[in-house]
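**Student:** These protein sequences, in sequence, are chains X and R. So the first sequence is numbered by this note's numbering: it starts at 1 and just counts up by one. So the second sequence is numbered by this note's numbering: it starts at 1 and just counts up by one.
Be careful, since some hints might not be right.
The calculated DSS-like cross-link candidates involving lysine-lysine, where the alpha carbons are at most 27 Å apart (straight line), are [what the hints assert, rightly or not]:
| no. | chain 1 | residue 1 | chain 2 | residue 2 |
| --- | --- | --- | --- | --- |
| 1 | X | Lys105 | R | Lys78 |
| 2 | X | Lys105 | X | Lys69 |
| 3 | X | Lys58 | X | Lys108 |
| 4 | X | Lys108 | R | Lys11 |
| 5 | X | Lys105 | X | Lys68 |
| 6 | R | Lys17 | X | Lys69 |
| 7 | R | Lys78 | R | Lys15 |
| 8 | X | Lys108 | X | Lys68 |
| 9 | X | Lys58 | X | Lys68 |
Source of the hints: derived by calculation from the structure; they are not laboratory data.
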Amino acid sequence: AQSVTQLGSHVSVSEGALVLLRCNYSSSVPPYLFWYVQYPNQGLQLLLKYTSAATLVKGINGFEAEFKKSETSFHLTKPSAHMSDAAEYFCAVSGAGSYQLTFGKGTKLSVIP
Amino acid sequence: GAGVSQTPSNKVTEKGKYVELRCDPISGHTALYWYRQSLGQGPEFLIYFQGTGAADDSGLPNDRFFAVRPEGSVSTLKIQRTERGDSAVYLCASSLYQRGAEQFFGPGTRLTVL
């Protein structure tokens, strides 16, 4: 079985500050890992994904994430938050021969002017 | 190109009624997934199709839920004898059939059972 834990259901940062959203996973096999973003009243959009190539993955809108096998983590970062980054972020894993995604509960990011 | 579309966008029904939710995937995507997202939660897997057949339906909560994809394109999620606990946003996604492929999500259908 696979699972995802996102620490912090709500994170607030000041505009221009570092964004760090945490994700830990469990998977019995090397996983595929994803970060999706959901803006209010919109569908889920892929930010980035890890598929066993480079451990540092760059995504859209300046976001990146680093796969750390020893820590079973895939934290999402962005050096400087922008007001438009306010949204809910979901970490997801696919592994163990499955194609479907297992999602975390999400982290709502607020950006303070 | 066109993304994943879902109809209706909102559905309000009464307890005990039958509902159908439709998903139109991206052309050429052989894999199609249904998820359910309750308030304050991440999406939870329900079922996925490879072509016309259900490859994994282990996420369907009970036998009131059923999904079909008769021609390998459009899919319909069917819920019989709806209960208030079925109220959620139902999400559909499609992808190429390969592990690690990006899943493209539709906007969802918000189901409210009164």
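**Student:** Now tell me if each hint is right for this structure.
**Tutor:** Going down the list of hints, with the structure as the test:
1. X:Lys105 <-> R:Lys78: Answer holds: lysine 105 of chain X to lysine 78 of chain R is near 25 Å, not above 27 Å.
2. X:Lys105 <-> X:Lys69: holds, 21 Å
3. X:Lys58 <-> X:Lys108: Distance of about 21 Å is within 27 Å: holds.
4. X:Lys108 <-> R:Lys11: Cα-Cα ~26 Å, so holds.
5. X:Lys105 <-> X:Lys68: holds, 21 Å
6. R:Lys17 <-> X:Lys69: Violated, at roughly 47 Å.
7. R:Lys78 <-> R:Lys15: holds, 14 Å
8. X:Lys108 <-> X:Lys68: It holds: about 23 Å lies between the C-alpha atoms, which stays within 27 Å.
9. X:Lys58 <-> X:Lys68: holds, 15 Å
Going down the numbered hints, you'll see the structure goes against just number 6.
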